[in-house]
Amino acid sequence: MSTEILTLFKIIVSAAFVDNIILARYIGLCPYIGMSSSVANSIGMGMAVTFVMVLASIVTWVLWNFIFVPLGLEYLRIMVFILVIATLVQLVEILLKKNVPNLYRAMGIYLPLITTNCAILAVTFLGVDYGYTLLQVVVYSISVALGFTVALVLLAGIRERLRLARVPQFWQGYPIVFVATCLLAIAFLGFKGLVK
Amino acid sequence: MMREFWHYFRNGLLGENPVLKLMIGLCSVLAVSVRVENCLGMGAAVIFVLTCSSLVISLIRNFVPNEVRIPIFIVVISTFTTIVDLVMKAYLPPLSKAMGIFIPLIVVNCIIMARAEAFASRKPPLLAVADALGMGVGYTLVITAIGVVRELFGYGEILSHPVFPRAYQGMMAMILPPGAFLLIGISIALLNWSLKKVKP
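Protein chains in written order, with my numbering: chain A, 1 to 196; chain B, 197 to 396.
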């Protein structure tokens with residue numbers, strides 16, 4: 001029992017910090033650059049990503065282990081997973097709009113952006129590739145989403161400060177954002193070696 | 197017709213370069229560009245998927261109902277991505293292993309969806325192919341340029357041939373994520389600077 005908890009703890013630390021999905025694995029950069037202009041936006045985006053990521057990895061894990069592997073349909077993975085995610089996002093949007101309007105107002109506008117967010121698709125692939133159990137997949141996807149949100153909120157904070165800074169002309173806009181990301185990535189390198 | 201073809205082809209190379217100007221498709225650029233060899237493989241894969249899916253989407257553009265166009269585009273794109281994934285796994289296993297998850301992730305590479313939505317679904321097939329080739333080559337140029345710098349300074353090699361003397365100890369920063377982020381920032385700043393210089 002205790003080794004199981006230890007494994008879960010290892011998954012959390014490595015997915016959220018050591019192998020941070022943005023700063024160490026370069027996945028999900030488009031929303032990272034696009035949605036990090038203010039802290040409020042980045043928190044909304046982080047919530048929406050967490051929600052969809054956990055749902056998507058549960059659904060794809062169940063599909064993969066109970067339908068795809070027994071039937072030998074592994075080669076259809078890319079097509080089916082992306083369609084599952086697209087359908088899921090649509091469903092979540094409709095359900096939220098109808099039943100939980102408050103939550104919908106908080107993260108509704110971010111949902112359509114998530115369909116083609118590579119972070120979600122990558123997590124469903126990786127969860128299956130690593131051979132996790134269902135509980136481990138849930139923990140894994142929550143921690144990846146946590147790492148995503150932390151990186152996003154950190155960058156948003158930096159960008160709010162950057163607006164007051166005097167940036168050289170050709171470095172304004174995206175270039176300076178990447179320099180800030182570089183420094184964040186250096187900070188996250190400090191976690192290297194924490195989990196073997 | 198030929199002039200239009202070149203016009204749209206050139207568009208993707210510099211003026212509307214997908215990576216440096218439109219800021220899309222960044223993930224694979226940063227992740228794969230550790231070695232030039234991987235860059236060329238990734239470039240070829242993206243050019244193939246982009247051109248084939250643009251051609252198909254342009255051919256079926258008049259039969260696709262507007263409401264369900266996104267799922268249909270996704271199916272077309274994922275078909276070609278699956279083809280590339282399986283072919284690379286079968287014939288180029290080391291390259292496929294080096295690029296790992298980024299081959300299946302071509303399906304959500306924003307370049308392809310963006311060009312399908314913004315260009316291929318509105319223009320005749322020949323122009324869609326021109327645009328796709330231009331965007332694909334523009335992507336490959338950027339990723340290869342970054343790959344050359346990273347491999348040269350990170351390992352002291354180009355295409356795994358040693359360039360620097362044996363005593364050179366690679367710069368770790370170039371191989372690790374921070375170097376990648378810094379390089380892409382520098383390239384965008386350089387492009388801004390050169391475009392401003394050309395058009396005062």
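Quick caveat, the hints were computed from the structure, so don't treat them as lab data. Among the hints, a few may not be true.
[Unchecked claim] The list that follows gives simulated cross-link-like pairs (lysine-lysine, DSS-like), each with its CA atoms no further than 30 Å apart:
1. A:K192 with A:K10
2. A:K10 with B:K392
3. A:K192 with B:K293
[Stated by the list, open to error] To list a few chain B residues with every Cβ distance to chain A over 12 Å, as calculated:
4. F205
5. R206
6. F360
7. L379
The model shown is predicted, which means the values in this text are computed figures rather than measured ones. Virtual Cβ for every residue (Gly too), placed ideally from N, Cα, C.
Okay, the hints, checked on the actual structure:
1. A:K192 with A:K10: holds (13 Å)
2. A:K10 with B:K392: Violated, at about 49 Å.
3. A:K192 with B:K293: The hint holds at about 23 Å.
4. F205: holds (25 Å)
5. R206: holds (23 Å)
6. F360: Holds: least Cβ distance 24 Å, greater than 12 Å.
7. L379: violated (9 Å)
The structure is inconsistent with the numbered hints 2 and 7, although it conforms to all the rest.
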